[in-house]
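> Numbering (the working numbering), first residue to last: 513 to 972.
Just so you know, these hints were derived from the structure itself, not from any lab. Even for Gly, the Cβ is constructed at its ideal location relative to N, Cα and C. Do not take every clue at face value.
[Claimed, not checked] For lysine to aspartate or glutamate, the following DMTMM-like pairs were computed, each having C-alpha atoms within a straight-line distance of at most 20 Å:
| id | residue 1 | residue 2 |
| --- | --- | --- |
| 1 | K799 | E789 |
| 2 | K608 | E806 |
| 3 | K593 | E806 |
| 4 | K677 | E641 |
| 5 | K766 | D704 |
| 6 | K774 | D606 |
| 7 | K797 | D840 |
| 8 | K721 | E683 |
| 9 | K797 | E770 |
| 10 | K797 | D696 |
| 11 | K766 | E892 |
| 12 | K765 | E638 |
| 13 | K818 | E683 |
| 14 | K880 | E899 |
| 15 | K880 | E904 |
| 16 | K608 | D644 |
| 17 | K570 | D611 |
[Unchecked claim] Pairwise CB distance ranges, derived in the manner of DEER restraints:
| id | residue 1 | residue 2 | range |
| --- | --- | --- | --- |
| 18 | K593 | D624 | 45 to 55 Å |
| 19 | T706 | E890 | 42 to 52 Å |
| 20 | N670 | D847 | 30 to 40 Å |
| 21 | T885 | A968 | 47 to 57 Å |
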Amino acid sequence: MATRLTPFSKLMLTLLIVAALVLGVRWVIKNTSAGKDLMNQAQSGEKNVSDKDGEIVKVGVVTWGGYAGGQYFNEGFKANKNSRFFRDYGFMVDFKVLDDFVASREAFRRGDVDLLWATIDAFPTEAGELADYQPQVVFQSDWSRGGDAIVVRRGINNVADLKGKKIAVAELTPSHSFLLWLLDAGGLTVNDVTIVAQASAVDAAEAFKAQQVDAAVVWSPDDEACLSSVSGSRILESTKSASNIIADVFIAKKEWVESHQKMVEQLYEGWMKGAAEINSNDANKRKAAKILSENFEGISEDWALKAIDNVRLATHGDNLNFFGLNADYNGVTGDRLYGRMSQVYSNLGYIKGRTPSWREIANSSLVKSASLTGASQEAEGQKAFTEVTKEEGAGKEAIATKRVSINFRTGEYRLDENAKYIIDKEFVEIAKAFANARIRIEGNTDNVGSRASNIALSQK
């Protein structure tokens, strides 16, 4: 005969079943991969936030390793409460990948992003068009150090060999600036080559791989793909040697900076801390590479690591130099680079109308307000070159050779003021821009006087 359960028994049985289910679910979550994934997704959902959760700084970037300092400090690309920006300063940061150049500028105009990437070498070509929005260069994020390269087919061994050749390049971009500098260093101009304009550096690489051109200006690691695709091809030059040409910066509207001054100062401070931590610790660099690989479409962690290695993440000291706030620094500044490229692009007819001056676009207030100290925040030092013998130096083939004539009176060897001016004008800026390259100075004399006396004069 069946025994009927009392109401109390039913309650106890229900509680036991519920407890068993709870314990079972907890065991599954803690002890199975599916459960752990579910927990991670739940935690991620809690940490990802919306505009309603507080102030969010929206930053427009491209697929590039030079912004890793900020993305590492943010613990990812999306606005989240695990971000050190949020934990240390109380606001959140959201990185938006905008690889389409035109779309990125439209996003800036609409206010979809508060800060937007640019390079100071190419910025003169768009500063006038953006003048109504009063763009301000607020800090430097990096120098390209191998991220940009010129690949060439077999038989092209130096810049002089580019004469008459077809070169694929994305015009009015950092790639274009790099090519112009290299041609100048080799004594050539764009009139000596045939420019095959491309929409992007990626398209330039594709044109080279299809053997439609003799050379192309590409981004790393597309340079490696080009070498694999075209037998006998090589890298003619990269920003590893041409180390102070392409400077990535961030721009913001003047009105927005002024209305968010304290927050932007804190953004800069946190970004510089992140950059310094990556520069000084391999584990931090690998963590940054993982963050990049998880947020850039189709990018592996190894690729991301190379991307970071192919830049110099700028520190606070580097920014002091860039904005001309270090009286002892005599290298390339933002002012000099922007001014030179403004003139170059204007002379080539790419700039119509007035280009805003450096004083109008530069805003060093963030850099001035920061009090970051310590070895990790110091500016990058000069490259240390190993000593080579005179014979070794003379025997090495030059990538680029620029010839300039200066005149001496018979029997004299001292440079007059005019000769000094010519040398400064033709060589000094190139020497600074190619700061990681060796420079060999050679001279030739005329046939006036004896050979012995001419040799003696040339050695003084």
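> For each hint, tell me whether it holds in the structure or not.
Results of checking the hints against the structure:
For the suggested pair K799 and E789, the alpha carbons sit about 11 Å apart, so the restraint of at most 20 Å is met. For the given pair, K608 sits about 13 Å from E806 by alpha-carbon distance, which is consistent with the 20 Å threshold. At roughly 18 Å between alpha-carbon atoms, K593 and E806 fall within 20 Å of each other, so this suggested pair holds. For the proposed pair K677 and E641, the alpha carbon gap of about 32 Å is over 20 Å, so the pair is violated.
A C-alpha spacing of about 41 Å is found between K766 and D704, which places the hinted pair above 20 Å, so the restraint is violated. Taking the CA atoms of K774 and D606, the gap is about 18 Å. The hint holds against a cut of 20 Å. Distance check on the hinted pair: K797 and D840 sit about 30 Å apart at the alpha-carbon level, beyond 20 Å; violated. About 19 Å separates the Cα atoms of K721 and E683, which keeps this hinted pair within 20 Å; it holds.
Restraint check for K797 and E770: not satisfied, since their Cα atoms lie roughly 33 Å apart, outside the 20 Å limit. The hinted pair formed by K797 and D696 fails the criterion: a straight-line CA distance of about 35 Å is larger than 20 Å. At roughly 29 Å between alpha-carbon atoms, K766 and E892 are farther apart than 20 Å, so this suggested pair is violated. Our distance criterion of 20 Å between C-alpha atoms is met by K765 and E638, whose separation comes to about 14 Å.
With a CA separation close to 25 Å, the supplied pair K818 and E683 exceeds the 20 Å bound. Restraint check for K880 and E899: the C-alpha separation of about 38 Å exceeds 20 Å, so the hint is violated. As the CA atoms of K880 and E904 are separated by approximately 45 Å, the hinted pair breaks the 20 Å bound. A hinted pair counts as satisfied when its Cα atoms are at most 20 Å apart, and K608 with D644 does not qualify at roughly 23 Å.
Between K570 and D611 the CA atoms are separated by roughly 15 Å; this keeps the pair inside 20 Å, and the hint holds. Remark: the range hint 45 to 55 Å for K593 to D624 is contradicted by a beta-carbon distance near 23 Å. Take T706 and E890: their Cβ atoms lie about 44 Å apart, and the range 42 to 52 Å holds. In this structure the supplied range 30 to 40 Å holds for N670 paired with D847, their Cβ-Cβ distance being about 31 Å.
Evaluation of the 47 to 57 Å hint for T885 and A968 yields a pass: the beta carbon distance comes to about 52 Å.
Comparing the model with each numbered hint stated earlier shows that hints 4, 5, 7, 9, 10, 11, 13, 14, 15, 16, 18 do not hold.
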